[in-house]
Each structure stands twice: as C-alpha cells, then as structure tokens.
Amino acid sequence: MQNLKNFLSLLLFFLCGCASFHAPYNWLTMPEKVAEDPYGGWIEVTECIPPEAAKTEIKRGELIAIDKDTLYLSDDALRAIPLSNLRSARLVKYYSNEGAVGALAFLGSLSTVSNGFYLIFTFPVWLAGGNIAAISRSFDPVIDYPGEKLSEFIPYARFPQGMPAGIDRNLLKPKNHFRPVVAEKSTD
Amino acid sequence: MPLNYTLTRGAFMTGKSAIVFRVISVPLFFLFLFLLQGCSTLKDVKRQSISPDSLRALADARLGFSNDLSPYLKAHMKNGSLYVLQDWKIDDSKKIITGSGKKYDAYRNLLSSGTVEMSEDSVAIFETNTLVNSGSVTALTVFTGITAAVTVFCIINPKACFGSCPTFYTRDSDTLRLQAEGFSSSISPSMEATDIDALYHSKVDCDEYSLEMRNEAMETHVVRSANLLCVEKSKKNSRVFCSPDGKFWQCDSIILPQRALGPEGDCLSLLQKADGIERFSVADSANLGEKEFIELDFKNVPGKNSGLILGCRQTLLSTYLLYQTFAYMGSNAAYWVAQIERNKINVKGNEMLNMLGGIEVQVQDLYGNWQSAGFIDEFGPLATDFHIVPIKGIPEKNTKVRLKMTKGYWRIDYAALSPVSEAKNLTRLQPEEVLKGGKTDENARKILCDSSRALVTLPGDTYELKYRIPSMFKDYELFLESRGYYLEWIRREWMKEENAARLAEILLNPEAALKRLAPEFKKVEPKMESSFWRSRYAKP
Numbered sequence: 001m002q003n004l005k006n007f008l009s010l011l012l013f014f015l016c017g018c019a020s021f022h023a024p025y026n027w028l029t030m031p032e033k034v035a036e037d038p039y040g041g042w043i044e045v046t047e048c049i050p051p052e053a054a055k056t057e058i059k060r061g062e063l064i065a066i067d068k069d070t071l072y073l074s075d076d077a078l079r080a081i082p083l084s085n086l087r088s089a090r091l092v093k094y095y096s097n098e099g100a101v102g103a104l105a106f107l108g109s110l111s112t113v114s115n116g117f118y119l120i121f122t123f124p125v126w127l128a129g130g131n132i133a134a135i136s137r138s139f140d141p142v143i144d145y146p147g148e149k150l151s152e153f154i155p156y157a158r159f160p161q162g163m164p165a166g167i168d169r170n171l172l173k174p175k176n177h178f179r180p181v182v183a184e185k186s187t188d
Numbered sequence: 001m002p003l004n005y006t007l008t009r010g011a012f013m014t015g016k017s018a019i020v021f022r023v024i025s026v027p028l029f030f031l032f033l034f035l036l037q038g039c040s041t042l043k044d045v046k047r048q049s050i051s052p053d054s055l056r057a058l059a060d061a062r063l064g065f066s067n068d069l070s071p072y073l074k075a076h077m078k079n080g081s082l083y084v085l086q087d088w089k090i091d092d093s094k095k096i097i098t099g100s101g102k103k104y105d106a107y108r109n110l111l112s113s114g115t116v117e118m119s120e121d122s123v124a125i126f127e128t129n130t131l132v133n134s135g136s137v138t139a140l141t142v143f144t145g146i147t148a149a150v151t152v153f154c155i156i157n158p159k160a161c162f163g164s165c166p167t168f169y170t171r172d173s174d175t176l177r178l179q180a181e182g183f184s185s186s187i188s189p190s191m192e193a194t195d196i197d198a199l200y201h202s203k204v205d206c207d208e209y210s211l212e213m214r215n216e217a218m219e220t221h222v223v224r225s226a227n228l229l230c231v232e233k234s235k236k237n238s239r240v241f242c243s244p245d246g247k248f249w250q251c252d253s254i255i256l257p258q259r260a261l262g263p264e265g266d267c268l269s270l271l272q273k274a275d276g277i278e279r280f281s282v283a284d285s286a287n288l289g290e291k292e293f294i295e296l297d298f299k300n301v302p303g304k305n306s307g308l309i310l311g312c313r314q315t316l317l318s319t320y321l322l323y324q325t326f327a328y329m330g331s332n333a334a335y336w337v338a339q340i341e342r343n344k345i346n347v348k349g350n351e352m353l354n355m356l357g358g359i360e361v362q363v364q365d366l367y368g369n370w371q372s373a374g375f376i377d378e379f380g381p382l383a384t385d386f387h388i389v390p391i392k393g394i395p396e397k398n399t400k401v402r403l404k405m406t407k408g409y410w411r412i413d414y415a416a417l418s419p420v421s422e423a424k425n426l427t428r429l430q431p432e433e434v435l436k437g438g439k440t441d442e443n444a445r446k447i448l449c450d451s452s453r454a455l456v457t458l459p460g461d462t463y464e465l466k467y468r469i470p471s472m473f474k475d476y477e478l479f480l481e482s483r484g485y486y487l488e489w490i491r492r493e494w495m496k497e498e499n500a501a502r503l504a505e506i507l508l509n510p511e512a513a514l515k516r517l518a519p520e521f522k523k524v525e526p527k528m529e530s531s532f533w534r535s536r537y538a539k540p
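Quick mapping for you: the protein sequence lines, in order, are chains F and A.
Take the first sequence: its position 92, counted from the start at 1, is 92 in the working numbering, and no numbers get skipped.
Take the second sequence: its position 165, counted from the start at 1, is 165 in the working numbering, and no numbers get skipped.
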C-alpha cells in the first residue's frame, strides 16, 4: 500500500510539473504557423499595484509591445503596465502540445511489453523519462521573467520595434479566437 | 519463494496467452514507432530579429531564409504594419524589397496578398523564424532506440541472453577481472553443489583480499557459502592447481608444449599463455555431438607423476542447449524442474550431457596406444578455470597427450604439463566483511558464514566479499569455494517453443536431438558470444 502511495505521489509530482498558463483554447499558434502569424505571443504578467507593494494584479493577453518603460498587452482592450510595477511575467510563444509527448510516452511505456524480461528496466525509463520529456516540452515555448531578461520577450511582441507612433490604440483588436479574460486580483 | 513462481515470474503469461501476447506486443511496438514518426512535428521555434542594415548581408548569405525550416520573412514597418513574405528580393538601386506574401495594417487587418513591395527605409525591423527539433522528441527517440534494440535482440536471439550462475570479479587497478563463476551446473535445489575455482590471476600483496560477487543474469541465485581457500605454495614461483576430485597439486616446474595440433593445424601459440586468447572450433553443422582431438607434445618431463594443466571454459553451446531444453519445457518448466527435484529425471546422468562430455585427457603409452588419464568436465561458459589432471606413469622423454572433446564445445586458453606433488597446507576463510552498495551488510555476512542458511540474490545484486589473509604461510595460491544453486527465469520469448515431443527427444533420444538441433545452433553460433556478453543484467 505504501508503495502504491509513493507511486501515485510520484505520478502527481510529474503531472504537476508542466508549465501552466491560461491562454484561451485555440489561441496559441502551432510552431510551424508561427512564422506566418501577424500577432504577438501570449503573456501573463503579475503587476504590483502601488502604493501597496504586496497588492498584485494578474493580467493576461497578447503581447503588443515593450517600450523603454512600459509593457503593452491586449485583452479586451490595450493595457499599459509600467515596467517598474512588473513583478513577474510569463510569455508563451506557441502551442507546445505536450499532451502528444505524454501520450507517446504512455504508448512507449506500453511498447516495452515487447522487451520481455528487460521490461523491468525499460518500463521505468519510459515512465520517468517520458514524463520528464512531456514536462520539458511544456516549457519549450515559455520565457519567464525575472528568470530571463525582459529583452528576450521583445521579438515575440506584435510590434517588436516598439509601440508605433501615431497608432490609434483604441483600434488595436485582440487576436482571433480570443475571449477576454477577467483580470484576477490577489494579495500576497 | 515458491519454485513455480520463481521459474515463471519473468514470463507474465504462459502457453497460448503468451503467444497471443507476443503477437500483440511486437506490432504494438512498431505502431508506436509509426506514431513517433508523426511526432517530428513537435518543433521548437527560434526567432531572430534583424535590423534593415543587416538584411542585405544576410540575404547574400541566404541564412536559410529560403529553406523549408524558415520559409517566411516578416517585415515590421515603422508605422506598425506588417509584411509576411515568402519569396523576396532586394533592388539595390531603388532600395526596394519586392516579393510575394501578405500585407497587414497595424491593427492586423489583411490589406493585400500576392505581389507586394516596400521601401527599405520604412522597415523598422525584419524577423525570421526557424524550426528546430525539440529536445523532448530527441529524448523520446533515444528511449525508442533503446526499446527497439532490446525488442530486436529478444526477437532474433532469445537464447543468447546472459545466464549462468554467480560471477566473481577482482578489482585490478581500475578494471574488474572476471575470475570465477560459481556452481554453474547447479540449476535446481537438488543439484546444489560445491564448486572450486582457481583464482589464477589473483595477486595477494596485502592481508586483505576482496571479491565482487554479482548476479548478472535473469536468475535467482541461492548462495550457501563463498569461501576463500588459501593453499601454501612450496616455492615462490610454483603454482597450485585443483584436480576434478578436489585435491590440490603443487606444480614446481611447468613445461609448455612443443607442439599443438588440432584439426585446423598448428594451434601452439594459442595455448602457451593464459592470456585469454583461446583456441576454439565451431560446432559440427550436422551433429552437435561430433568429436575432435588436439595433440600436445612435451619434451623432457622429469618424474613419472605429472599432471596436465588446462585453462578452459565452455562455449555457449552448453548454454544454448540448456535454454533450448527450458524452451521446450515452456510453461511446464516448473513441473519438469520439480520432476528433477523428485529425482524422476536424472540430469546429472543425462544422456545428452554424457554425449557432449568433458575434455578427456589421453596419454600415449610406450606402445603407441592412447590411454585415458581423466576428464575435465566443469560447467560454465563465463570464466576460464584452471584444472589439473594427474597422470601416473608418464613417458619421460617424449610425452604425447591428446585432448578429446566435442567440436565447438570448449575454449582452451592454456595447456602445460608439470611434475606434481600433493599440496597439504590449506586454510579455508569465510568472508570477514560483506558490503552491499558500499555499505556493510552484516546480515549477508552472517548468512554466508552459516551453512544452514543461504543468501538469495536477484538480477543486478552485487556484494563485495572481504577476506583477511593469514600470515602463517609465505605464499599462497587462492581458490574460491562456492556452494549453492540457481534458478533460471523462464523468458517469455522461450514460451512459443514449448514442445513436449522435442523435450522427450532431448531426454530419451539425445543423439537424434543433437543432430536435429545442429542447423538451428549454426544459425546463431557466430554472433552468440557477443550477444551473450552484451545482455548482462546490471541495475540501472
């Protein structure tokens, strides 16, 4: 029984290890379509709300631009977030489809039945390695701030050159398939 | 542990269900390979931003813009609009970029598609995207490679899997040397036996001696004892060898053969040094029981009581026949082994083993007739063991010795002759300390020192046995005295060959079986040695 508990804990640990974000269904682009996509990547930022440093607000949407002192994202409308208030951010470049890796790892684990006795070696390798591969895949398209510099985010903005002058910010439309997400408020 | 469970635990299923299982599992694996092929779409994207000044140089170098992995060029304009181009070129004189693609405004409304044109000066930044393989897919591909290798190995060569009793290693600087294999012929509890193996290559240069005992096969090893025998040498350069009857013999002046002649011709150079370069032949293609001879000539042998020293091990023919017998037993292996246990089948007296036989040492008498002097019949294809066959009344000037053995059944590394005298002073040492995983395992030591108990090891288990060498003699020859038995795990791959009639043929008409199995064995014989050693089991 204890062994079963340990195994389930390990499985849970693996399942919890994937990168998490809240992009709407079908919002993210497949890797092979990224080069044609005219929009920016998906971003989720945690912003401090002055004057209380402990009060934060999470905003999510398409990364529009990053200027010298401001990050712009678009959900139902354009949001400007002063960089000085930025506590953390996660950018997702494309749809990683880690579920496919997980499914392949599962099938790979099953395929070890063809290994006879050596299954006792190859099955755990598949089980652990396949889960690690799926977790790793989920992080392939992810860039995290402050782990990475904010300058790493810029190429994945809709306007990597910065917010163009003279643009009517009220007319910036969110990407297709995008359904606005109500910003969550939280306090640490 | 119930014998039935032990024998079948690796099989998971037996009989028809095993065959059905196999029929399903192998296609399942190849289906998986097919699906993995589709996984090649799991790519990572590397984006590069390029300033307009750098575009020309990059275009000249082509930088892969036109290749399949990076087919698009994006031009982000200063006013926020965007061109996504497939084919493009730069007109140097007009500073214009033309190509085919799409034009979006800053609000990402599609303005036009087809041939587009833009001024170089109005571009803020260019962008390319390159698809590269994801590391995760690479990892899955590696796992698949491992699984495929094991699958193919098990499909094509199920009887070349490493097997045969505990192996004992000594550490020589940074390398491990296989010194001995214990009780190779003891394949069931009733066949538990004591085995003495010469630790020929061991050096005793301090008062401590270590042996590493491993279970490297899909077997359960039951080790009753693993003692070290220290036999006093009469001279520093003399050697001591053990004869098949368990006696130890001092060999003070070793004489190498002057000539060695096998069916293939001269093989003298292979037999003069115990260097692991062995003389062996291949099995007969029509009859696995076919015999061959090697003649050895010695000159000026002093004394009438001598002994022939042989360093040898079996080929994998013995392993093949053992596994083939288990394969014919199939899902009923437990029943048949139980029959052996009840003494209803006498394996030691098995006719097939008798037909294959050991190495018979024959000596030519003064009248030119070959007289049998004794046999070496120790089982085991792993470690070269050194034996002596005492010979009485040997012709002194020109001594001719002949080895009679089954073709392709023995590997001989060393042959020599020596006058002998019986060695008397012997000390038996039990392990002073036993370590498992680098930590002292006092319980294992107590078990190995108690003849009423036995240490059970499973695949991958490794124990280090440490002995305290006494200082009562000047110099020693070391031997390993191990006692126990082992149980083969029946491989699922063997189950499909379950065949009571073939088993009966092996037990009742071995002569016919050896002829019938000859072509089958010849198919796997060339690669069997390398496959066998590759399949050793080690804990991950």
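No lab work stands behind these hints: they were computed from the structure.
Quick caveat: nothing in here was measured; it's all calculated off a predicted structure.
Backbone N, C-alpha and C define an ideal beta-carbon position, used for all residues, glycine too.
Treat the hints with care, as some may be off.
[Unchecked claim] Simulated restraints, written as ranges between beta carbons of each label pair: (1) F:E152 x A:V524: 53 to 59 angstroms; (2) A:T115 x F:D76: 22 to 28 angstroms; (3) A:D53 x F:P50: 36 to 42 angstroms; (4) F:E36 x A:V524: 53 to 59 angstroms; (5) A:Y107 x F:E152: 23 to 29 angstroms; (6) F:I120 x A:K515: 33 to 39 angstroms; (7) A:A149 x F:D76: 50 to 56 angstroms; (8) F:L110 x A:V524: 28 to 34 angstroms; (9) F:F106 x A:E192: 40 to 46 angstroms.
[Said to hold, decoys possible] Heads up, simulated DSS-like pairs for lysine-lysine below, C-alpha to C-alpha not over 30 angstroms straight-line: (10) A:K436 x F:K33; (11) A:K78 x F:K68; (12) F:K173 x A:K43; (13) F:K149 x F:K55; (14) F:K33 x A:K273; (15) A:K496 x A:K404.
### Structure versus earlier hints - violations, ascending order
Hints 2, 10, 14 and 15 contradicted; others consistent.
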